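Asks: Take the sequence shown: its position 157, counted from the start at 1, is 157 in full-length UniProt numbering, and no numbers get skipped.
Please note that the accuracy of each hint is not assured.
Pairwise CB distance ranges, derived in the manner of DEER restraints [to be verified]:
(1) Q239 to D47: 39 to 45 Å
(2) S174 to H45: 25 to 31 Å
(3) S152 to L184: 26 to 32 Å
(4) R185 to D228: 46 to 52 Å
(5) E48 to S237: 26 to 32 Å
(6) R58 to G97: 22 to 28 Å
(7) K236 to G155: 21 to 27 Å
(8) R34 to V133: 51 to 57 Å
(9) G76 to L233: 24 to 30 Å
(10) E48 to G97: 26 to 32 Å
(11) K232 to E48: 48 to 54 Å
For the record, the hints were derived by calculation from the structure and aren't laboratory data. These numbers come from a predicted model, not from an experiment. Virtual Cβ for every residue (Gly too), placed ideally from N, Cα, C.
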Amino acid sequence: MFFGSRTGSERNSEQNKVISMDRFRSGSSLSPIRQAEAYWSALRHGDEVPNRSQIDPRGLENILSQTFVVERIAPGIARFRLAGQKLNEMAGMEVRGMPLTAFFTPTARKQVSAALEHMFDTPSIVELTLTTVASRSHPAQEARMLMLPLRSDLGDVSRALGVFVSEGNPTKSSQRFDVVSTELRPVKASTPDQKKTTPSASLVSTNEVNPGFAETQAKFGDERSVMDEARKLARKSRQIMDDARQPSKKPEDQSNSKQNRAPHLRLVVSRD
C-alpha cells in the first residue's frame, strides 16, 4: 500500500490515506487476472496441471473477452487457439492462429519466448507487466498478461490459459508492447509437510508400474561387494590346493570315473 499526504481536514485525510494497488492509472481493475488464476487453481488435483478439456467457458463468463488459449508449436513459440474480443481490438485484427510474440516489440520477443519455454518445461505460472511505446500524441499504455499452463489430450504441457488486461486502445490501431517485468512461479512448489510424506526413490518398489508411458523396471539381485568376490577366490584356490595334495587314484577308480563321466562326441578322421 501507498500512503497519501495529509491534505485538508483530518477526516478527509483518513479516507484518502490508502491507495489501491490493483488498478491501473485509468482505473482498470486487475480482478480478471485473479479470477482466472482462482478458476485454474480450483481445477487442479494436488500439484497436477489441469487439462485443457477441463476449461469450461461458463466458468470464465465474466472475462471471456479478455481470455485466450495458446498452443506450443515450437521451442519458444506459441500461437493463439482462441482469443477474446479485447485482444482482437488491441491487435487491430483477428489474432487466432497468430503467434503470441506478434503482440510484442522485436526487443521483447526474446523475453517472451524464454518465459514460454520456462512455463511449459517447468511448468510455471507467468505474469508479465507490459507497456506500449509512448508517442507525441499518445502516452504509454500499461497492460498485464497472465498465462497458466495446461495439459493437452496427450498429457504433455503444451497449452496455456491466458488473460490480458490493458488500459484500452485509444488509437484503434495495432499495439505492440515492451516487457517491463516478468514473474515466474513454479506450479509444483511442494511444502515441507509434503516433502516428508513423499516416498523417496529408494523406497519405491522397482516392479511397480511407472507413471506415464514408462515400462515396468526389472528387479535386480543383490550386488556383490569386493569382499565377497575375494572370499570366493580364496575358497576356489584352497579347493585347488586340497585336490593337488590328495594321492593319485587307483586304476580301478580311474576307470570308474571315466564311466561316470558324461558322454561326449568324438571326431573320427578317415583318410581312405
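Asks: Each hint: holds or not?
Replies: Here is what the structure says about each hint:
For Q239 and D47, the hinted distance range of 39 to 45 Å is not satisfied, since their beta carbons lie about 59 Å from each other. In this structure the supplied range 25 to 31 Å is violated for S174 paired with H45, their Cβ-Cβ distance being about 40 Å. Restraint check, S152 to L184: a C-beta distance of roughly 21 Å breaks the suggested window 26 to 32 Å. Evaluation of the 46 to 52 Å hint for R185 and D228 yields a pass: the beta carbon distance comes to about 51 Å.
Separation of E48 from S237 is about 59 Å and departs from the stated range, judged on CB atoms against 26 to 32 Å. At about 25 Å, the CB distance of R58 to G97 agrees with the hint of 22 to 28 Å. Taking the beta carbon of each, K236 and G155 are about 53 Å apart, not inside 21 to 27 Å as hinted. At roughly 28 Å, the beta-carbon separation of R34 and V133 lies outside the given 51 to 57 Å, and the hint is violated.
The hinted range of 24 to 30 Å is not satisfied by G76 and L233, whose Cβ atoms lie roughly 58 Å apart. A beta carbon spacing of about 29 Å between E48 and G97 agrees with the range 26 to 32 Å that was offered as a hint. Range check, K232 to E48: about 50 Å between beta-carbon atoms, so the 48 to 54 Å window is met.
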